[in-house]
Every structure is written in C-alpha cells, then in structure tokens.
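**Student:** Sequence:
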Amino acid sequence: MGVTHYTEPTEPGRKFGRRIREQRLKLHIVVHIASRMATATKCPCLNVKGTMSISRVLLVILHDFPELLCEYHYVIIDTIPPNCVQLRNLVLSAYPRNMRLPDPFALNFKQVDSIPEMAIEPKSNLNMASIIPDSIRLPLDAYLRTRSAVDFLSALPGMLQISENPGSKYNSTVMNAMVLYVGMKAIESLHERRQRISIHTIAHTAFMDIFQNLAVQLCTEGRYLLFNAIANQLRYPNAHTHYFSCVFLFLFLNSDHDAIQEQITRILFERLVALRPHPWGLLITFIELIKNPVYNFWKYEFTRCAPEIERFTESILTKEE
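This note's numbering puts the sequence shown at residues 1 to 321.
In case anyone wonders, no lab produced these hints; they're calculated from the structure.
Do not take every clue at face value.
[Claimed, not checked] 27 Å max Cα-Cα, derived BS3-like pairs, lysine-lysine:
| # | residue 1 | residue 2 |
| --- | --- | --- |
| 1 | K185 | K123 |
| 2 | K110 | K299 |
| 3 | K110 | K291 |
| 4 | K110 | K169 |
| 5 | K123 | K110 |
Treat the numbers as computed from the prediction; the structure is a model and nothing was measured.
Sequences and hints are given; from them, build the entire structure.
**Tutor:** Below is the structure:
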C-alpha cells in the first residue's frame, strides 16, 4: 500500500486558502444577518423585539468587523425595510479600521472634494449587473452608451413597477441595484476621462439623465425608494459617497418641483433624527445643503412647517444634536 505524501502549501497557496476561508465566513455571516433581518421585519408582532436583537448583533460587527459591513452593505441594506432607519444607519456608518474620518462639521464641500479617499471606489464582491433583469439592464446599458434612445427614459418608471398596490408598487431590490449600477458606471466614465467627481462633472450626462428623469416621473412612493437607494450610498469617504452626495445636491439645486426638494430633505432628515451613529456621508451632504446659500434651503415652505426641523438643523450646525 503506497504512502500518501503531504506537501506543505506554498506561501501564496496559504494566503489563497485563508482568503477562501475568510470569504466563506463573511458570506455565512451576511446570509445569517440577512435571513434574520427578513424574518424579524416580516411580522409586525416581531418587529420591535427582532430589530432590537439585530441591532445588538450589528453593533458588535460594527465595532469588531467594520470591513464586513463596508464590503457587504448592499446585501444587508436590501433586506432592511425603509422604516427601520436605525438599522440602516448602523450598517452605513461602518468604515475601515485603518481610516480616520474627517470631522464633517469642520469641512466645507470644497474641502470634502479634495479628500483623496473620495476618488477611490469601495471594495465590493457583488456583480450589480446580475441583479438587474435583462429587460431593464440591456436598454439601460444602451442608453448609457449612446444617450440616444430617449423613449427608454419615459418607459423606465413603468419597467420598475410591479403592481398597482400602494406600498408595493415597485421592485425595491431592482431600484437599489439600478441606482448603484448607474452610479458605478458614472464613476467609471469620469475616471476614464480623468475627471474628478463634482456637482459640475456629473451634470448633463446619460447617468444623470436617469436620476433626473426618475425623480420627475416617479410617483411619491417610487421617488421615496429612489432617494432611499441614493442615501444608502452615503457612507464613509469613498467615490460612491462622493458621487451620490453630488447627485442629491444636483437634484435639489436643479429641480423645478418643490416635491423633489421636500422628499430629499425628508430622506436625510429621518435618518439624522434617528439615534447615533449617523453615516459620515449623510452628515456632509445635509450640512452642505443647509449651510451653502446656493441651495437656498430656507426659502422652501416645508423647512418652516414644524419648529422641530428648525431646531434640529440649528443643533446640527452647532454640533449639539
């Protein structure tokens, strides 16, 4: 009977083995969190108890394994209902342990633009294209390439709709995936042209056409999902945070419909009034919106409709929130 000889793996082999084990562990944790999230938020009677349990788990991961939440934020966020704001904030507040966050209250947006990390795309192992149905992705890709099929823009809101029932009219998973996909393509295009991300360079492009068209054509429910999908990318300093922060600011500045400015404010506001932590990108976007006079934030009636809004924005500006 022959003897089986065991060969010690080389250093590259050991590193590859470790990476495989790490990825399997990460995926196991993410699947576990996502499945618990779906179960806990499905039944109203389990809502409070279930979400409190998940909050504790997420707090531990945020403290000990923040890179896990950074890398797989999309998978986890996609399972969290829009009303679970605190859970979303916990996931989106994660940032790499080797990063020191700049003080969002001490910066203006021009200084934010110059942060080196704001040009670097975050690590992700997800293929966003595979999440979007071909019936949407193929004409979407064609429009992003040529900017010629204008009829696609008018058809897109209907493509995202799955029923006529209020509260479940749209496929939120596809909406989330499409928003991130278009943003990633936009950043890729800017990098190819060696342009920096800014509110000026993102304007008048096929990518911004998608966001502007949806903001105008979608109903209130659809627009709420769209703006939530954009807000989900406002995280730690990286290219996605930079791009989608500029998208929000551009839409706010260039819309002729007050309903759009109001919903953008609502999305940011409801995340900021939740308990800490607050995502860094969320803070820098809101602070720019209320401090920079170019956005004329206080001219809108909805900013004066409740004293709580004024008090809260003042507390944000004085760091007393």
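**Student:** Looking back at the hints listed earlier, which ones does the structure fail to meet?
**Tutor:** Going through the list in order, the structure violates hint 4 alone and respects the others.
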